[in-house]
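Colleague: As a plain string of letters, each chain reads:
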Amino acid sequence: MLVIATSDKGGTGRSVTTCNVAYRRAIQGDDVCYLDFDFGSPTAGAIFGVERMTHGTQAEDGLHRYLQGKTVTPGYVDIWSESRRPPGTGPRPTGAGNLVLYPGDLGGGEFTAKPEVIERCAELLLLLQSQFSVIFIDLSAGRSHAAEMILTVTAREKRISDTRWLVFHRWTRQHISAAADLVFEERGLLEFGHLFGHDRDELRRRIRFVRTAVIDPKIDQGLLGLRPEQEAWLRQVDKGLNEQANIAGLGRTSVIATVPVDPVLQWREQLITDEDVYAEIANETTVDAFATLAANLDEPAAWSRL
Amino acid sequence: MSSATASEGTLSIGEIRTGLLGHSSQLSMAETVRLLDLVPGEQVRHAAYPRAYAVSPQRLAGIDCFMPSRSGRHVRGVGTFATRATLTGGLIVQTCSHTTLVPSSRQYRREWSHYLATPGVVEYLGRLRLDDAAEGFAQAENGHLNIEMGRTAESTVFNLQRSRLLDGKQPLHAPLGRWRWALQPVRDNGDPGLYRFTVLPEGTRLIRLAVVWPDVSDLLDLVEDLALHDWLLDFVSRQIERARPGSGDLDRTLQHIGPVIDHLLHHWMPKARVQPGLYGLWDAFDRFQGLTRQWDLTINRIRDHVALNSLRLVLRTESEWSGLG
Amino acid sequence: MTEPELEVDVLTSQPRVERVPRSHLSLELGHLYMEDLLDGPQALRRHFAQISPWAGFVRARHPAPLRVSTCFLVDDYFSQVASPKKLVPELLEAAHDAGLGIDYLVRESACACAGDVSPAELVLGRIVSDPPRGSNGLRPPVHMTGWVSNSRDRLRPDGLDEALATRPWRPPEQNGARSHSICMEVQLWDEPDGRRRWSCALLSAVWQLLRLGLLRHQGKPVISPERWTGEYPDRWEDLPPLVQLADGAQPFAAFQTVSLLETRFADVEAAVRTILDQVSIDPAVTEQTAAQATAQKVDLSDDVVGRISHVFSDGL
Chain A
19 MLVIATSDKG GTGRSVTTCN VAYRRAIQGD DVCYLDFDFG SPTAGAIFGV ERMTHGTQAE
79 DGLHRYLQGK TVTPGYVDIW SESRRPPGTG PRPTGAGNLV LYPGDLGGGE FTAKPEVIER
139 CAELLLLLQS QFSVIFIDLS AGRSHAAEMI LTVTAREKRI SDTRWLVFHR WTRQHISAAA
199 DLVFEERGLL EFGHLFGHDR DELRRRIRFV RTAVIDPKID QGLLGLRPEQ EAWLRQVDKG
259 LNEQANIAGL GRTSVIATVP VDPVLQWREQ LITDEDVYAE IANETTVDAF ATLAANLDEP
319 AAWSRL
Chain B
45 MSSATASEGT LSIGEIRTGL LGHSSQLSMA ETVRLLDLVP GEQVRHAAYP RAYAVSPQRL
105 AGIDCFMPSR SGRHVRGVGT FATRATLTGG LIVQTCSHTT LVPSSRQYRR EWSHYLATPG
165 VVEYLGRLRL DDAAEGFAQA ENGHLNIEMG RTAESTVFNL QRSRLLDGKQ PLHAPLGRWR
225 WALQPVRDNG DPGLYRFTVL PEGTRLIRLA VVWPDVSDLL DLVEDLALHD WLLDFVSRQI
285 ERARPGSGDL DRTLQHIGPV IDHLLHHWMP KARVQPGLYG LWDAFDRFQG LTRQWDLTIN
345 RIRDHVALNS LRLVLRTESE WSGLG
Chain C
592 MTEPELEVDV LTSQPRVERV PRSHLSLELG HLYMEDLLDG PQALRRHFAQ ISPWAGFVRA
652 RHPAPLRVST CFLVDDYFSQ VASPKKLVPE LLEAAHDAGL GIDYLVRESA CACAGDVSPA
712 ELVLGRIVSD PPRGSNGLRP PVHMTGWVSN SRDRLRPDGL DEALATRPWR PPEQNGARSH
772 SICMEVQLWD EPDGRRRWSC ALLSAVWQLL RLGLLRHQGK PVISPERWTG EYPDRWEDLP
832 PLVQLADGAQ PFAAFQTVSL LETRFADVEA AVRTILDQVS IDPAVTEQTA AQATAQKVDL
892 SDDVVGRISH VFSDGL
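Protein chains in written order, with the working numbering: chain A, 19 to 324; chain B, 45 to 369; chain C, 592 to 907.
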């Protein structure tokens, strides 16, 4: 299964959420890999706690260089053994699958999706598909050549059949309309996808939205120390946003997860382990959201309602 | 197929990748031969017994770089390494990139065709300490590899997985097994030879052998066979771990163990492609690493588990029937 | 307990290559473009008169019982202006008048396509790029791009963003150069209308390998001589790839080759050497050829380039 994470705007928590979902999915027993296609700012190394790759790899063998034919194979990192924070400080948990990061290049920048680049991308995905049950691809924010490349490869290469798109957005008026634009509007995912050979409806069925940094007035009241007036105001706004989301096509049925605000994620983008929850640094609801999303990636019920 | 003959002052090194083809069933021999056509026009060798096995012709790549070293010495070498792919049981793919380092008779690089006349050989210019090179390549965790053969072995798997012969619907996802090896020939003076096996934290296996054996390609077969069985054991154990037998989640158990029974268990066939004279080495490795013992335990565990679950199903069905009565 | 003696043959199918009969020397009596042939019988006569002394010299160096076969390559790949019916008799007559006999006639297009097999594709698949210093297996080889090179071209962009590769000029450097460089960049093909068109240099390299008897497809030689006695056809493709013109000719393939050419072919042949320098021969064929040479007491160079010679002359 190929899981592609994208967003229209930066700052949605797309990368940190996707890394955490990949981590959860590995703990659930799947062999998982994570491709950092955020060619503008490859940050997955930092989130996974691989210090030597805080801004992508320096070994000149990252995904950019691979796609441009400058290295025979892309470099990779085994997270269980190389992360400097938990989980990397211990052996792979019993029953967990592999968790492997394919980093981007330090200072890689964007690139053009020439035919040979598309070929190499297809080759890479086919190889990874034989090794991993879930392949996460983190795209950069906005419309990118990387997104075009993935749309092209998935349209042409029938053997990469199980593809799912996650569109991340914060729970604000601007973010909702930006996410809707990214999917439904001109030069959006659906239009480009159709152009590259996807069936529009079929592609639509493969897209779900992830709401991030959502404040739940009920639950977060104590945490945030909300006054009753503030809580009432929040409810009001929340209702408005729900109406806007429904109209924009981002209503409940097309949402696969809602990730709450978490102080840990606000201050430092990192993996949240169960230990962080036990130590009461991180919220259990955050971990629950990650784990549920991880499990729902191929849960028919989560994908059948459109 | 020509292969380097081991002699003193030489060191053979290589990397192996083991994995599963992205295909729903075993490839037939005819398909296998088409798949392994790495060099156009050259022949794929194959055997049907004791099990389906095929070897591709070797593809060469040229290098001019420093030789492996543990201490960081800089000795330049020029020549080629060879890459071959094998398919076992129409399903398990192995690629191996390897070369033999030999002293050069000149102190400078020669015309390129000179190196192509002896494929799979790298001539080193200067004084190479073979122990230092062997350790750097296949023993030390932070040795200087300097030669990136593993990448070519891996990209050969990339190429194979892209073949139009494959449908991409593999019943199992299996991580690549990674092995790096160094073989030093030694004089036959009664020494038992050297044998070192190291597992790196991320799972790569390193093996160093110093043995009395003239033919490098026989040793290559031996190491490939070890790598295949080690990978098989590792993967099957992981699947059982994931299946969580006894958790009561029968569906989960079946989902992970079913394909293993259907597609993998019968490929365990130690020494099937090893020269009889090297059985001793295989057995020594097996004694230390306990491959066979672990495999037997694993298989018994699977069988017991399957038997137990069948029994449970029978009992449940019976009680349902009696409930009806 | 002693172990029983067992001979285990792990593979049932060892690679088998067919042996080709070989002369000691394959002598090429010139190579002409189709345009040259159009200049009529006089131009052909001039050509053979020019090379005739050299041919005599080469033959004198290989007296019987050493076997020499002669051959001539007709360019029908890049253009086809004259028909075999007209051209072949003119060619044979002109050679004959200069005291030369042509044993084998080869169509250049046979180097691109001979029946079901493309010899050019076979050679392309056997190219092992000459590695610049620092090549360690990380970078893909350059011949994938349709070129072979004997050097590191520092102008070739290597950075991530190719548009930004505007570094100051640094000279290219021949691989393994000991003091000064001579750099070659040889194009192997282009695709003018979407179809691959092999370069003259690549086809000529194929031609050398065919004469050396070093190409096989699934163990079989890719072209074999066919005797032709009747009238020559109107179209080149109706002629076999390799035509045997004389009864009792020595074998087409040989341990060594020599080509007698006009000086204007020196560039192409230098390119041929650059290509052949990077072609690896099927190890089974290498082994068999070496055994054949040993049995016949022929001193054979290990590398392929050492087996080909050229004489360039515009007449003396």
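In short, the hints are calculated from the structure, not lab data.
These numbers were taken from a predicted model, which means no experiment stands behind them.
Careful, some of the hints might be misleading.
Below, a sample of chain B positions facing chain A; criterion: calculated Cβ distance under 10 Å [what the hints assert, rightly or not]:
#1 G66
#2 R150
#3 R171
#4 R173
#5 Q205
#6 D211
#7 G247
#8 A287
#9 R288
#10 G292
Here a beta-carbon is modelled for each residue, glycine too, at the ideal position from N, C-alpha and C.
Colleague: For each hint, tell me whether it holds in the structure or not.
Modeller: Now the hints, each set against the structure:
1. G66: 4 Å, holds
2. R150: 29 Å, violated
3. R171: With a minimum Cβ separation of about 29 Å from chain A (threshold 10 Å), the hint on R171/B is violated.
4. R173: 26 Å, violated
5. Q205: Holds: closest Cβ of chain A sits about 5 Å from Q205/B, inside 10 Å.
6. D211: It holds, given that the least Cβ distance between D211/B and chain A is near 7 Å, below 10 Å.
7. G247: At 7 Å from the nearest chain A Cβ, G247/B passes the 10 Å test, so the hint holds.
8. A287: Given a least distance of 9 Å, the restraint on A287/B holds.
9. R288: Since the shortest Cβ distance to chain A is 6 Å, the answer is holds.
10. G292: Violated - the Cβ of G292/B stays beyond 10 Å from chain A, reaching only about 15 Å at its closest.
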